[in-house]
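Colleague: What follows is the residue order along each chain.
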Amino acid sequence: MNGNMVQALNQALEQEMLRDDRVVILGEDVGVDGGVFRVTEGLLQTFGDERVIDTPLAESGIIGAAIGMAVYGLRPIAEIQFMGFVFPGFNQIVSHAARLRNRSRGRFTVPIVIRMPYGAGVKALELHSESTEALFCHIPGLKVVVPSSPFDAKGLLVASIRSGDPVIFLEPKKLYRAGRQDVPDDDYEIPLGTAKVVREGEGLTIICWGAMVPQAQEAAEAVEEKGIFPEIIDLRTLSPLDHETIIQSVQHTGRALIVHEAPKTCGLGAEIAAQINEKALLNLEAPILRITGQDIVVPLPKSENYYYPSPARIVRGIKKTMEF
Amino acid sequence: MNGNMVQALNQALEQEMLRDDRVVILGEDVGVDGGVFRVTEGLLQTFGDERVIDTPLAESGIIGAAIGMAVYGLRPIAEIQFMGFVFPGFNQIVSHAARLRNRSRGRFTVPIVIRMPYGAGVKALELHSESTEALFCHIPGLKVVVPSSPFDAKGLLVASIRSGDPVIFLEPKKLYRAGRQDVPDDDYEIPLGTAKVVREGEGLTIICWGAMVPQAQEAAEAVEEKGIFPEIIDLRTLSPLDHETIIQSVQHTGRALIVHEAPKTCGLGAEIAAQINEKALLNLEAPILRITGQDIVVPLPKSENYYYPSPARIVRGIKKTMEF
Amino acid sequence: MLQILNEKGDVKKDLEPKLSKGDLKKLYSFMVTTRVADTKALKLQRQGRMGTFAQSLGHEACQVGSAYALETNDWTVPYFRDLGTYVTLGFPLKYWYLYWMGNEEGMHIPKEFNLFTITVPVGSQLPQAVGLGLAANLKKDRIGILSTFSDEATSTGDFHEALNFAGVYRTPNVFLCYNNQYAISMPRSKQTASKTIAQKATAYGFDGVLVDGNDVLAMYVATQEALNKAKNGDGPTLIEAYTYRRANHTTSDDASKYRPAEEVEAWEKKDPIDRFRIYLKTKGLWNESFEKQVQKDAEEQVEKEVRDAEATPSPPIEDLFSHTYSDIPQKLKEQMDELKAGLNEDDQ
Amino acid sequence: MLQILNEKGDVKKDLEPKLSKGDLKKLYSFMVTTRVADTKALKLQRQGRMGTFAQSLGHEACQVGSAYALETNDWTVPYFRDLGTYVTLGFPLKYWYLYWMGNEEGMHIPKEFNLFTITVPVGSQLPQAVGLGLAANLKKDRIGILSTFSDEATSTGDFHEALNFAGVYRTPNVFLCYNNQYAISMPRSKQTASKTIAQKATAYGFDGVLVDGNDVLAMYVATQEALNKAKNGDGPTLIEAYTYRRANHTTSDDASKYRPAEEVEAWEKKDPIDRFRIYLKTKGLWNESFEKQVQKDAEEQVEKEVRDAEATPSPPIEDLFSHTYSDIPQKLKEQMDELKAGLNEDDQ
Ligand SMILES: Cc1ncc(C[n+]2csc(CCOP(=O)(O)OP(=O)(O)O)c2C)c(N)n1
Ligand SMILES: Cc1ncc(C[n+]2csc(CCOP(=O)(O)OP(=O)(O)O)c2C)c(N)n1
Ligand SMILES: [Mg+2]
Ligand SMILES: [Mg+2]
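Protein chains in written order, with the numbering used here: chain A, 710 to 1033; chain B, 710 to 1033; chain C, 27 to 374; chain D, 27 to 374.
Hints in this document: simulated from the structure, not taken from any laboratory.
A hint or two may mislead.
As the list claims (entries may be wrong) - Result set (DSS-like, lysine-lysine): computed pairs, CA atoms no more than 25 Å apart in a straight line:
| hint | chain 1 | residue 1 | chain 2 | residue 2 |
| --- | --- | --- | --- | --- |
| 1 | D | Lys255 | C | Lys216 |
| 2 | A | Lys1011 | C | Lys366 |
| 3 | D | Lys322 | D | Lys120 |
| 4 | B | Lys905 | C | Lys357 |
| 5 | B | Lys988 | A | Lys1029 |
| 6 | C | Lys366 | A | Lys832 |
| 7 | B | Lys1029 | D | Lys366 |
| 8 | B | Lys1011 | D | Lys330 |
| 9 | A | Lys988 | B | Lys1028 |
| 10 | D | Lys38 | D | Lys51 |
| 11 | C | Lys34 | C | Lys307 |
| 12 | C | Lys221 | D | Lys221 |
| 13 | C | Lys255 | D | Lys221 |
| 14 | B | Lys832 | D | Lys120 |
| 15 | C | Lys34 | A | Lys832 |
| 16 | D | Lys307 | D | Lys322 |
| 17 | A | Lys1029 | C | Lys359 |
Throw the hints in and build the complete structure from the sequences for me.
Modeller: Laid out in structure tokens, this is it:
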């Protein structure tokens, strides 16, 4: 198939549901409506309303029910309509999904996927632009995954569904329909926990994920004329982090720039910077910079671009790092 | 008064309620029972049940109600019985308390204090030992405060109550009755956002807060015989951070060690390390180490000490940093 | 179900509220203004001059009738589909347009209005509304607090925690549910097995009343009774306003995917404005020239508010940083300075 | 309120369940064992051999009677005060003691038991119980799911979201509330203005029943009916078991601070075991030697379980790291190795 990220995700869901009848979907408007972004389009018709469950608006109920279904042996995929609405269900994730395996010494596992569109850049209403991945990365027991292309979206979602652990699967809604790509109709997985060098380079490593990947790529192209050729790592899995790929790259390039759209303080960028400092201090030729959203609420659409890390801001970060 | 932290907090509450009749308290068992840790003891008797409100078990209801009361002009203090139980109310904190000022362009403010006992080391049940301060530090609009002594507890709580912002006030339950101190009966504030050098030293800065402060002090004493004299910073306010004190100290000592009991990944230690790297890279003579809880759930009492950063573990961290 | 005006505009004499001619005409004009402002917003949205928003079409009676029962000191805690409430309160619609245009200036709420912000996470405003009630009780202020929401909010935990608190502390809250039969694509019948939403009040030890939400008189009467009860210290009320969301969920939605056109048409016949027009006519309060005047006034008001909104620039960058805390912490100053310096650089 | 045995042990003949002599004796012995195990735990706690825990004193009938109605394939989702449920299920009490001793080995739940873990955040197990029900429906498994909780859980948002889902999907859930009149210091009357907890079911479109929670026969009958209804596809039930928490909330609590001794004494007179003993005696199923045997068996069983628990070492360090994920990620391996190396160093 040649398709966009929504289509790639939809294909992943359909194929996994065909392959494994333990896979079920639940969430608000996922059935008749096919999801507000149409990621679950057509699945109700194919699999019926016991496997594609339209639920009342109740994020704690949805995630809690998914946990129970998983304990009973199913592989539920819960859709949260926007990442900003996951918090009413946060307790179920943090206190239960992440802990039941440990709490039962392995007897009960929670192989659920919690899918949510995340991120800004699409001129949405308040609480429709959040990017709070760092909160989930701090919780032991969760895996956190973010694709940046249709190909990765399918492979990562398949791997997430088959994983034995609760996976927070973040979909960059800015990239949902941003471009088409060849996506194999065959079954394939992209192993969780493996980052990808999406651009080889020298002198600087840019670490990013999701919707920031194309922004970083644009910035990297822009600085070529200045003779700067950054390496770019797309993390793909945010938890557990692929330390090795990050550290190796920075040991090679000597400089690191982290780009994320979440607020700066205690964002995942901090963890990455801390690890680079710990493991590659002697390689560093400049401080590790973070180009991120500011420590404010994502502004309403007309002011959103002040918040959103633009290629221009990334370029400034690159220059600052190179000129240190 | 010469008293422990519980008594200091109780005095702060009583005095602020006497001084300002907008101050009200609400939470589970805060009235008749005086709170499960007795921090609100006697206040119901003094101030009546409209100002000291026993609530049903409903953390979202409690925090949401506190927000509404604040909007109406009161200064509510909500008690969450243990930090592990704040998550059902997380949405009210993240989506509302932290945002209402901005959402209303300053018309509505949320001067609430959300008090919660936090932390391990007291052999408690599951979810009674959490230390998830980093989650709150990532949210713009919140202030996060942690005392480590009776004196600071009173001064910081008074400042928090008088602050115009929502404050997450974390009480290290391990220190609740750990020692007595002279606490002035007079009114005093410790300004939010100011860290304190609790031990001057050379060659290494240890950054910590709450119940880790005495652990770090013990470790620092233990390494004196080896000729190592660490400086210790007690952050006291975790958000916004007192960068200046941290950076100045590390510029002076050249090495940094961060100690916290939360899990390592994406803990506040990561943010501190990232900032030191950014602002004092050239001063660093060794990688910044983090001695923290592991990335697991706090174990049940009998295995808890494997998790909890002990003076011995901190000593090992100090040695490793000094020997780099 | 409390109904005073039926679909044909017939009135139940014994239940008819004692409203002056002026009041009745105002109710009508507020409903018309709501529809005009809503229609205008849809047009602006289609032209790319406004962002996604939630239309109020069909909710005019339940919004206007309830808000008309509010007194100056009462509080209103609205939800995201409440245009008629703003119109009735006399709130400057400029801000309403600005908000949905994505301009941060639209977040202003002038001090004169005891009106809460729009709450995006469904249901989460309800505990806050109860907090207002607790505070009013403590201060011995004799006020009522009207909070609105739609059917789906009743599925949230916050609805439950809020109403339970309200029952326990007998706060002066009126919980008004616009049961408009849908939550995006989810029909009311699948949201809860409860026969009515009103009956959910049983769980909290206070009254629930079912009201025809397309009957502006019934909405006015029921809300006023509930507010009076609240002010008399007799505790909260849950009102279920039975109505229908005739538009798409928002301008990003396509309702034809999940419901039949006939259903929508059937509800068009129950139009709240048509019904009230017949009533006014019967009472000799309506004629063509009155209608024209009302329409003209509404259009002029709306055009002016839209013009004002479109003439309002987005706030300066400082504004994005100055409402996060009571002060601007050092790190935010640095971030703001960095942003400004960067923009200057880009400009050069 | 459904009552079959009154406080004096008199039986309502028409409601009496058809239980064999063996069943009746078992019910009695489970209640006695529960009390013996509970008393033993309190003693261990006072001696510092066990940590804080929540006593079940007074809950023997509602725990044992309900659990006795379970069939092998049914599921149980307990809460933190449910010793009688474990006893009745035949769960090895060794694990129960280990858990409250703070030994991680106590977190094991042997595969034979369709028994959920203890959930510490009040109410949050209920959506999970509904998830079990949804899964059972999907798999067409004819089972019931019994989930227990106490009165205060009904104040939580999760209670509401769970019961609403259960009503909508008609899951085979039985929601059993031990209304023991207190939530730590908060009396039931101040937790909700609802007259009964049973009536809260109205909000979810299914039945609520009020049962004497100190009457083991009524508890058995009501639970069995509800489970049968669930298995027949007739949807969920909310059971309110009216009882009393006679002990402190936990061993860290001092209930004398917030409730009068007379209240506790009044409820001692309604003791569920005493009541059932009279019934058995009337039926000729009880005499002194039977009593002695039951007590002796209970004590022996409990002593053995406690001995086994105390002989169980805490798990090795690896165990703390190996149940966080399906695999052990690199960072956890490093953290574990660091911990082990450090401990070795300390030992030297
Ligand atoms: C907590 C939360 N989850 C999901 C959403 C997304 N969402 C917005 S409106 C809506 C449906 C609301 O239906 P209802 O409450 O009946 O309001 P109506 O649209 O009918 O006015 C949903 C699911 C949200 N805003 N908040
Ligand atoms: C979400 C949450 N908040 C607070 C607590 C602390 N807490 C433990 S038990 C309890 C009271 C529970 O009362 P109830 O549900 O009636 O149970 P009972 O003790 O009567 O068995 C409280 C407040 C908790 N466990 N979970
Ligand atoms: Mg609706
Ligand atoms: Mg109770």
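Colleague: Does each hint fit the structure? Answer for all of them.
Modeller: These are the hints, each one checked on the structure:
1. Proximity of Lys255/D to Lys216/C is assessed by CA-CA distance (about 21 Å); at most 25 Å being required, the pair is judged to hold.
2. Annotation: proposed proximity of Lys1011/A to Lys366/C holds, straight-line Cα distance about 17 Å (limit 25 Å).
3. Only pairs whose Cα atoms come within 25 Å are accepted, and Lys322/D paired with Lys120/D is accepted, the gap being roughly 18 Å.
4. Taken as a hint, the Lys905/B and Lys357/C pair is honoured in the structure, with Cα atoms around 19 Å apart against an allowance of 25 Å.
5. Of the pairs offered as hints, the one joining Lys988/B and Lys1029/A holds, with about 13 Å between alpha carbons and a cut-off of 25 Å not exceeded.
6. A distance of roughly 21 Å separates the Cα atoms of Lys366/C and Lys832/A; the hinted pair therefore holds under the 25 Å criterion.
7. A distance of roughly 16 Å separates the Cα atoms of Lys1029/B and Lys366/D; the hinted pair therefore holds under the 25 Å criterion.
8. Taking the CA atoms of Lys1011/B and Lys330/D, the gap is near 21 Å; set against the 25 Å cutoff, the hint holds.
9. At roughly 17 Å between alpha-carbon atoms, Lys988/A and Lys1028/B fall within 25 Å of each other, so this suggested pair holds.
10. Using a Cα cut-off of 25 Å, the hinted pair Lys38/D and Lys51/D holds, with the two alpha carbons roughly 19 Å apart.
11. Of the pairs offered as hints, the one joining Lys34/C and Lys307/C holds, with about 12 Å between alpha carbons and a cut-off of 25 Å not exceeded.
12. Simply put, Lys221/C and Lys221/D have alpha-carbon atoms about 20 Å apart, close enough for the 25 Å limit, and the pair holds.
13. Restraint check for Lys255/C and Lys221/D: satisfied, since their Cα atoms lie roughly 20 Å apart, inside the 25 Å limit.
14. For the suggested pair Lys832/B and Lys120/D, the alpha carbons sit about 20 Å apart, so the restraint of at most 25 Å is met.
15. For the hint pairing Lys34/C with Lys832/A, the CA-to-CA distance comes to about 43 Å; that exceeds 25 Å, so the pair is violated.
16. Straight-line distance between C-alpha atoms of Lys307/D and Lys322/D comes to about 19 Å, which keeps the hinted pair within the 25 Å bound.
17. Between Lys1029/A and Lys359/C the CA atoms are separated by roughly 19 Å; this keeps the pair inside 25 Å, and the hint holds.
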